[in-house]
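Peer 1: This is what each chain is made of:
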Amino acid sequence: MTALTPVLPDAPQGGTPGKGSTTAARKSRRFSNGKRGLEPWLYLAPAFIVLIALLGYPIFQLINVSLYDYRQAQVSGKAPLNFVGLENYQKLFADPQFWTVLGNTVVFATACVVFTLLVGSSLAVLATRLRPWVRSMLFVVSLGAWATPAVTGSAVWLFLFEPTLGLVNKTLVAIGLTQFEGYSWTYDKWSAFGLVASEVVWCSFPFVLVTVYAGIQAIPTEVIEAARIDGASMPRIARSIMLPMLRPIVIVVTIQSIIWNFKIFSQIYIMTNGGGIAGQNLVLNVYGYQQAFAASLYGLGSALGVIMTALLMVITLVYLRILKRTGEAL
Amino acid sequence: MKLARSAAAIAIAALALTACAPPTSNNAASSSDEQTGTVRVWLFSEVNQDPKSAVVKEAVTEFEAAHSGAKIDVQYIPVDSRAERFKAAFNDPSSAPDVAEFGNTDLASYVASGGLADVTEDIKSWDEAKDLDQKILDTTEIDGKNYGVPWFVGVRALYYRTDLLQQLGLEVPKTLDEVETVARAVRAANPDLLGISVGGAAQFSAMPYLWANGGEIATKEGDTFVSGLDSTESREGVAAYTRLLKDDICPAQTCAEFGGNASVQQFIAGKSAMTIGGDFNYKAVAASAIKDKFAVVPVPGKTAGSIAPAFAGGNNLGVFNSSERRTLAADFVKLLASKKYQQKMFDSMGNLPTFSDVQKSVAENNKQVEPFINTLGAGTKFVPVTENWSTIDAQGVFTGMYQKVVTGKADVNAATTEAATAMNTAFGSK
Numbered sequence: 168m169t170a171l172t173p174v175l176p177d178a179p180q181g182g183t184p185g186k187g188s189t190t191a192a193r194k195s196r197r198f199s200n201g202k203r204g205l206e207p208w209l210y211l212a213p214a215f216i217v218l219i220a221l222l223g224y225p226i227f228q229l230i231n232v233s234l235y236d237y238r239q240a241q242v243s244g245k246a247p248l249n250f251v252g253l254e255n256y257q258k259l260f261a262d263p264q265f266w267t268v269l270g271n272t273v274v275f276a277t278a279c280v281v282f283t284l285l286v287g288s289s290l291a292v293l294a295t296r297l298r299p300w301v302r303s304m305l306f307v308v309s310l311g312a313w314a315t316p317a318v319t320g321s322a323v324w325l326f327l328f329e330p331t332l333g334l335v336n337k338t339l340v341a342i343g344l345t346q347f348e349g350y351s352w353t354y355d356k357w358s359a360f361g362l363v364a365s366e367v368v369w370c371s372f373p374f375v376l377v378t379v380y381a382g383i384q385a386i387p388t389e390v391i392e393a394a395r396i397d398g399a400s401m402p403r404i405a406r407s408i409m410l411p412m413l414r415p416i417v418i419v420v421t422i423q424s425i426i427w428n429f430k431i432f433s434q435i436y437i438m439t440n441g442g443g444i445a446g447q448n449l450v451l452n453v454y455g456y457q458q459a460f461a462a463s464l465y466g467l468g469s470a471l472g473v474i475m476t477a478l479l480m481v482i483t484l485v486y487l488r489i490l491k492r493t494g495e496a497l
Numbered sequence: 013m014k015l016a017r018s019a020a021a022i023a024i025a026a027l028a029l030t031a032c033a034p035p036t037s038n039n040a041a042s043s044s045d046e047q048t049g050t051v052r053v054w055l056f057s058e059v060n061q062d063p064k065s066a067v068v069k070e071a072v073t074e075f076e077a078a079h080s081g082a083k084i085d086v087q088y089i090p091v092d093s094r095a096e097r098f099k100a101a102f103n104d105p106s107s108a109p110d111v112a113e114f115g116n117t118d119l120a121s122y123v124a125s126g127g128l129a130d131v132t133e134d135i136k137s138w139d140e141a142k143d144l145d146q147k148i149l150d151t152t153e154i155d156g157k158n159y160g161v162p163w164f165v166g167v168r169a170l171y172y173r174t175d176l177l178q179q180l181g182l183e184v185p186k187t188l189d190e191v192e193t194v195a196r197a198v199r200a201a202n203p204d205l206l207g208i209s210v211g212g213a214a215q216f217s218a219m220p221y222l223w224a225n226g227g228e229i230a231t232k233e234g235d236t237f238v239s240g241l242d243s244t245e246s247r248e249g250v251a252a253y254t255r256l257l258k259d260d261i262c263p264a265q266t267c268a269e270f271g272g273n274a275s276v277q278q279f280i281a282g283k284s285a286m287t288i289g290g291d292f293n294y295k296a297v298a299a300s301a302i303k304d305k306f307a308v309v310p311v312p313g314k315t316a317g318s319i320a321p322a323f324a325g326g327n328n329l330g331v332f333n334s335s336e337r338r339t340l341a342a343d344f345v346k347l348l349a350s351k352k353y354q355q356k357m358f359d360s361m362g363n364l365p366t367f368s369d370v371q372k373s374v375a376e377n378n379k380q381v382e383p384f385i386n387t388l389g390a391g392t393k394f395v396p397v398t399e400n401w402s403t404i405d406a407q408g409v410f411t412g413m414y415q416k417v418v419t420g421k422a423d424v425n426a427a428t429t430e431a432a433t434a435m436n437t438a439f440g441s442k
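These protein sequence lines map, in sequence, to chains G and U.
This note's numbering puts the first residue of the first sequence at 168, with every later residue one more than the last.
This note's numbering puts the first residue of the second sequence at 13, with every later residue one more than the last.
Keep in mind that the hints were calculated from the coordinates and are not lab data.
Check the hints yourself; a few may be wrong.
Mimicking DSBU-like on lysine-lysine, the simulated pairs with C-alpha atoms at most 30 Å apart in a straight line are [stated by the list, open to error]:
no.: 1; chain 1: G; residue 1: 356; chain 2: U; residue 2: 283
no.: 2; chain 1: U; residue 1: 393; chain 2: U; residue 2: 314
no.: 3; chain 1: U; residue 1: 99; chain 2: G; residue 2: 430
no.: 4; chain 1: U; residue 1: 157; chain 2: U; residue 2: 147
no.: 5; chain 1: U; residue 1: 64; chain 2: U; residue 2: 186
no.: 6; chain 1: U; residue 1: 186; chain 2: U; residue 2: 83
no.: 7; chain 1: U; residue 1: 379; chain 2: U; residue 2: 147
no.: 8; chain 1: G; residue 1: 337; chain 2: U; residue 2: 283
no.: 9; chain 1: U; residue 1: 232; chain 2: U; residue 2: 295
no.: 10; chain 1: U; residue 1: 356; chain 2: U; residue 2: 186
no.: 11; chain 1: G; residue 1: 430; chain 2: U; residue 2: 379
no.: 12; chain 1: U; residue 1: 352; chain 2: U; residue 2: 305
no.: 13; chain 1: U; residue 1: 136; chain 2: U; residue 2: 305
no.: 14; chain 1: G; residue 1: 258; chain 2: U; residue 2: 421
no.: 15; chain 1: U; residue 1: 393; chain 2: U; residue 2: 356
no.: 16; chain 1: U; residue 1: 351; chain 2: U; residue 2: 186
no.: 17; chain 1: G; residue 1: 258; chain 2: G; residue 2: 356
no.: 18; chain 1: U; residue 1: 305; chain 2: U; residue 2: 232
no.: 19; chain 1: U; residue 1: 232; chain 2: G; residue 2: 337
no.: 20; chain 1: U; residue 1: 64; chain 2: U; residue 2: 99
no.: 21; chain 1: U; residue 1: 351; chain 2: U; residue 2: 305
no.: 22; chain 1: U; residue 1: 142; chain 2: U; residue 2: 303
no.: 23; chain 1: U; residue 1: 305; chain 2: G; residue 2: 258
no.: 24; chain 1: U; residue 1: 421; chain 2: U; residue 2: 351
no.: 25; chain 1: G; residue 1: 258; chain 2: U; residue 2: 232
no.: 26; chain 1: U; residue 1: 303; chain 2: U; residue 2: 421
no.: 27; chain 1: G; residue 1: 356; chain 2: U; residue 2: 99
no.: 28; chain 1: U; residue 1: 421; chain 2: G; residue 2: 356
no.: 29; chain 1: U; residue 1: 356; chain 2: U; residue 2: 136
no.: 30; chain 1: U; residue 1: 232; chain 2: U; residue 2: 136
Far from chain G by the CB rule (all over 12 Å, computed), these chain U residues [stated by the list, open to error]:
no.: 31; residue: 75
no.: 32; residue: 200
no.: 33; residue: 265
no.: 34; residue: 294
no.: 35; residue: 316
We put the CB at the ideal spot given by N, CA and C, even for glycine.
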């Protein structure tokens, strides 16, 4: 029994006031002074270990591979492994296709982010004004879109936009727009990007909707009531009360959207059949996959991965910086 | 704080210095050659799997009866994920099979990865090998060594609608130019139909046009390949093929994205008057609504009576370099690829044999394969046998060239020059 009794920690600082306690206090200060450098690190260690294992090592290996001429022959030990320094990067920067793909990615992702935020936020505002059962319907329907896997969603959209038998073209023709008879949505570069973007917006706006809606709900009604009593108009309340209070949420949602939309893969890969006619719809991630895995140029593909990672970090930092300059920090 | 940070920085720098090279596996040829035990075999799974399994089972039984102590373990792997499977097998020899079926266009990259064993001697000492179609055997050869035994071939020919041509009083096209004029005439009379369904991404339909005009994808010069796409002949071939993807035959809006399969699907759906389809498509066409209204002829060449060189597609059987039962594995390959079992595979699956004499006999007994066998007999051609071809293919260099022309993004000269440059860059990266 005694062995099982938990050892209670000694009561801190003892019970007797006076000399003893000051020594203890000094002792403890000395202890924290001496080990302060180490103590926070100890608390952070578990998180660090996990981060290094799951993030640090892959990124290290990605950078490492990008500095080698690393193809299938090298992986399976048939050809010697050569360190080529920045050659993979030089190759990419000298390739006009890389710049086209980069441009595509920026335009496409930006459009996706903007439209996702617009649609999601507008619906969130709308949701606050709806009757409960209509709101529930809206949530159920949008959660359905959110829950749909990207692969399935893309296939369904392709089906809807099929040139001859698709519902969209049939409807357009039925209402008199005969130029859509057999119209291929994936033939023109920007029409194909538009089609994919609409699918991306469709499956990612619910996240914005739910998050922003929750944010609006969290705004104390007293604040808005007070503003109303002071005679503020609805737009004024939205601009001066709600938006500033929603700011942290909008920041998080925007950063998430940027990261997600820059990394779009499945939708482009499926809907444009691996990058569109003559590669016109390639974005960085699909291009990286094409180079690294389809063409087995692992070194070059890794270089693309590094560029992608760096780019996203820079975009996120710049965005946070701008926000910091215009208002309070996150 | 400062100390810890600099310590971390030093640790990372040290790690970067010592960890050095990314991982590679040792894929040396196995030194052992056991005469008993299990031989692992990978074959592709098929939509219609049962007839294939039945023939393979028969071969396994025959093999096991003749080799006491040896067992064959057959696994069917999906064609779509073959790249990952094979790469994984090359990276980790312990999970690799001993024998595998693989597409002949993949051969060069597998050899470059060190995955396939040289089977030149096995073929030389094999009594049936002398009857192998030489053009097909050539597709397995790199630097004078063979890395696979051709198991079956696939070639494409011209499918056409007998009823439509008859209605319009059109002759069956005898030259490539006539294919174009007939296609245009059909569409002019039936604006809902495609004159011929071909595709911007259907590379194997485009190749006969290139070759019939005297063009080449690439030719070997010394150690490396040099693209021939920018030659006058090749450009004529590209121009001739892309003329089909115009509004008056097969509008680019519809056809630019078609691959080989999509083109044939249009024909099966009764939406086109002609198409370039493979022997492997025959069953599906013959089972469709147009089954009584079509016929097949070889794709004609430039002059009447000639046949355009077709792409010699097909699958090989090969032995893995890492196999610990090399002799048994090679013996099983020779059995499954033998005349007897190729005949059985033809009977059950319709796979065209790779032996010239077996080809002749099946053509005599089966009218429907005659145009394909005649195409084979006229001489086939192949893509450059180099590991860089899979890179070029994956980057869409060849099909991208056609798609750029048909979508008006580039003219024939610009597109062929660009493709030739891209190919030469890929060929140059040894």
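Peer 1: Are the hints correct? Go through all of them and say.
Peer 2: Structure-based check of each hint:
1. 356/G - 283/U: Answer holds: residue 356/G to residue 283/U is near 26 Å, not above 30 Å.
2. 393/U - 314/U: Roughly 16 Å separates the two Cα atoms, so the pair holds.
3. 99/U - 430/G: Given pair residue 99/U, residue 430/G holds - Cα atoms ~25 Å apart, limit 30 Å.
4. 157/U - 147/U: 15 Å, holds
5. 64/U - 186/U: 37 Å, violated
6. 186/U - 83/U: 52 Å, violated
7. 379/U - 147/U: With Cα atoms ~23 Å apart, residue 379/U and residue 147/U stay inside 30 Å; holds.
8. 337/G - 283/U: 18 Å, holds
9. 232/U - 295/U: Roughly 37 Å separates the two Cα atoms, so the pair is violated.
10. 356/U - 186/U: Answer violated: residue 356/U to residue 186/U is near 34 Å, above 30 Å.
11. 430/G - 379/U: 53 Å, violated
12. 352/U - 305/U: Violated: residue 352/U and residue 305/U sit about 34 Å apart, past 30 Å.
13. 136/U - 305/U: Given that 30 Å is the threshold and the Cα spacing comes to 46 Å, the pair is violated.
14. 258/G - 421/U: 24 Å, holds
15. 393/U - 356/U: 26 Å, holds
16. 351/U - 186/U: Violated: residue 351/U and residue 186/U sit about 34 Å apart, past 30 Å.
17. 258/G - 356/G: 25 Å, holds
18. 305/U - 232/U: Violated: residue 305/U and residue 232/U sit about 44 Å apart, past 30 Å.
19. 232/U - 337/G: Outside the cut-off at roughly 51 Å; violated.
20. 64/U - 99/U: Roughly 25 Å separates the two Cα atoms, so the pair holds.
21. 351/U - 305/U: With Cα atoms ~34 Å apart, residue 351/U and residue 305/U exceed 30 Å; violated.
22. 142/U - 303/U: 38 Å, violated
23. 305/U - 258/G: Not satisfied, since the Cα-Cα distance of roughly 53 Å exceeds 30 Å.
24. 421/U - 351/U: Distance of about 49 Å is beyond 30 Å: violated.
25. 258/G - 232/U: 25 Å, holds
26. 303/U - 421/U: Status violated; Cα separation ~38 Å.
27. 356/G - 99/U: Distance ~33 Å between residue 356/G and residue 99/U Cα, so the pair is violated.
28. 421/U - 356/G: Holds - the C-alpha atoms of residue 356/G and residue 421/U are around 11 Å apart, at most 30 Å.
29. 356/U - 136/U: 24 Å, holds
30. 232/U - 136/U: Roughly 25 Å between the alpha carbons, so the hint for residue 232/U and residue 136/U holds.
31. 75: The assertion about residue 75/U holds, with a minimum of 29 Å to chain G.
32. 200: It holds; residue 200/U is separated from chain G by about 18 Å at its closest Cβ, greater than 12 Å.
33. 265: For residue 265/U, whose nearest Cβ neighbour in chain G is about 5 Å away, the distance does not exceed 12 Å, so it is violated.
34. 294: 25 Å, holds
35. 316: The claim stands: residue 316/U keeps its Cβ more than 12 Å from every Cβ of chain G (closest is about 34 Å).
When held up to the earlier numbered hints, the structure conflicts with 5, 6, 9, 10, 11, 12, 13, 16, 18, 19, 21, 22, 23, 24, 26, 27 and 33 and fits the remainder.
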